[in-house]
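So the protein sequences, as listed, match chains A and B. The first sequence begins at 1 in my numbering and counts up by one. The second sequence begins at 1 in my numbering and counts up by one.
To be clear, the hints were calculated from the coordinates, so they are not data collected in a lab. Mixed in with the good hints, there may be bad ones.
[What the hints assert, rightly or not] Rough simulated footprint, nothing fancy, chain A against chain B, three-plus residues with beta-carbon under 8 Å:
#1 31–40
#2 68–74
#3 127–134
#4 243–256
#5 286–300
#6 313–319
Just so it is clear, CB atoms sit at the ideal spot from N, CA and C, and this is done for glycine as well.
In case you want the letters, here they are:
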Amino acid sequence: MEPIFAAAIVASSVIGLMALGFTLQFITLKVPNLAHTTICFSSAYMPLSFWLFGVNPYLALPLSFLIGSLLSWFLYKFLAFLRTRGTGPVGQMMSSLAFGLIIYGIMNIYADYLSYVLKAWARTFTLANADITFFGEPGIVFLAPILLVSLTTFFHLILTRTKFGIAIRAIVQDYSLAATLGVNTDRALGLAWFIVGGIGGLAGAVWPFWFSVDPWTGPRMLSDIFAACVVGGLFSVYGSILGGIIVGGMEILLLWGIALNVGVWVTSYRPIIPVVIAAITLLIFPKGIMGSIETLREKRRK
Amino acid sequence: MVLETLLPLIIETLTFFSIYLVCSSSLNLQQGYTGISNLGLFFSISSGAYVIAALPTRLAVWLYGINMDFVYQNALVVSLLNERFAKDALTPTLLLIITFFAAMAVGGILGYAFTYLSLRLTETYLAVFFLCVAEAIKIFGENFIPLAGGPNGILLPNFFIWLGNYSWIFQSAFFIIIPFIIFAVYEKVTRSPFGRLLKAIRENELAVQCLGRNTVSVKLKVMAFTSAFLAVAGVLVSLRMRSVVAGTFDRVDYSFWPWLMVMLGGVGNNLGCLLGTFLCIIIRRIVYWLKFYLVFLPVDIMWLEYILLGLAFMIVMIYKPEGILPEKPYQVKQQGDSRSN
């Protein structure tokens, strides 16, 4: 397979998984979690640590899931605490950003520690050399889409077939009513944030198997996740996954196409692409794909 | 002796404080008074910096007939310009005035355009959109070499060199006075009927619309107005550093710190904003000095600043969510009534 298509597959899968978490967290607390991508990529240091200690980096994935889950759950608890004290959405959003900054600082200190003490190249790293090979292709080319499909299916089944899923959907529809009807909103939301944080942690942990990672990757990727959510539809979990696939794929393939015609210099402008996609989407169809589909359905019903 | 050591430190801290005051008070007008959450404050600030990087120096090169490329022969051109500016008071002064107006125009237009684009977004998503736009502009500045020298940045000539020995004093006064003028303008605006309209929009936009006011137009005006002043802050930062490096205009320094200043001091209160800015600048100075005493650690102490900043913000949100000086209701002076607070 052409490396460019493999890169597009990995990017689409990972951005789709991260966008899933971002949207679910947004629709449950009505607050964009600005620390989400930082939390996701904080777990990317686990496979690196395993590799540095001579262990297969893929074995670190469960730990990466756990790190993402715990950080996400802790942040939820903090935001929920602020909400009970009357802090508004902007205050909560800024608190999530503050939490992200703390994680960013800790990641940098950890990267410095690995660099200075273990003499490892930890500030910017890739695990492409540590990857296993399947049918002559890097394992991540198979793993990333498998993770996307299986985790999305798992999440869909949880949302539609379990009491917990019904509780989450009830909370999304009307938080107060769900609480009045006896749903333990705090436990349900805590668990939801735990799960999507873990999914994000997994997504962040597989990213370095193809692309390079540095402590700033997480904050930088916020634009991609935001664009994915805008393209998919701001309030749709499935839409955001679709948006992630589109944005991730377009970012790689579009840039490749432009670079072939214009020149390689254009690749340094890659992070601008998701912002341009988001801006164009907001101008042309602000409700995103799922929102537009919903509008069409409404029109047909009438 | 002590004064000689302390005076530069005090003046340096004061200029730093004054420039940040523009950032925090602009954010206060956007978020505190109008309810526009702007996480991408640094796009307006960097737009001002790009204007001073691209415009006055090129004009000076053209005016003096220097046949060199300002970006690629930057150091040489800057030294030549400094020589010319030392003997000519009029040209650098005029260039500086043009720069300020151009920066305000660019900042204002960008603020207006991006707000117009994002009008359909809700409060919190609007903030994320601004953040993404600002990051995109930063990346553009970091890579587009003709604008501000790309990743290496660009040096600027000393526009005050013609003042000779008084150059430093005059510059410092300039960096302190201009921000305070902007702060006074904000104070005047917030105490005017327009300021009360902004608060009304923040409290209940729908009600204001029902009363016949075009709230979208007001928001666009506020964003254009504050972005213009933020661009001035960008010019001042660049003049102070005497260089423009696009990478330095990041979300932590020029978005998150102003947010902390506003939240710490008190949202919707200019005096609180002043106090918050002062306290944050003192914290930053302390962390800056700590760096020199903790060099023995195996990690860069700079990262401690991020952790402290995040923790400080979370502590403020827990214990003082309304800030040190919370917003007070403003009593409108009535005819024949001398009381107002």
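Hint by hint, work out which the structure violates, then give me just those numbers in ascending order.
2
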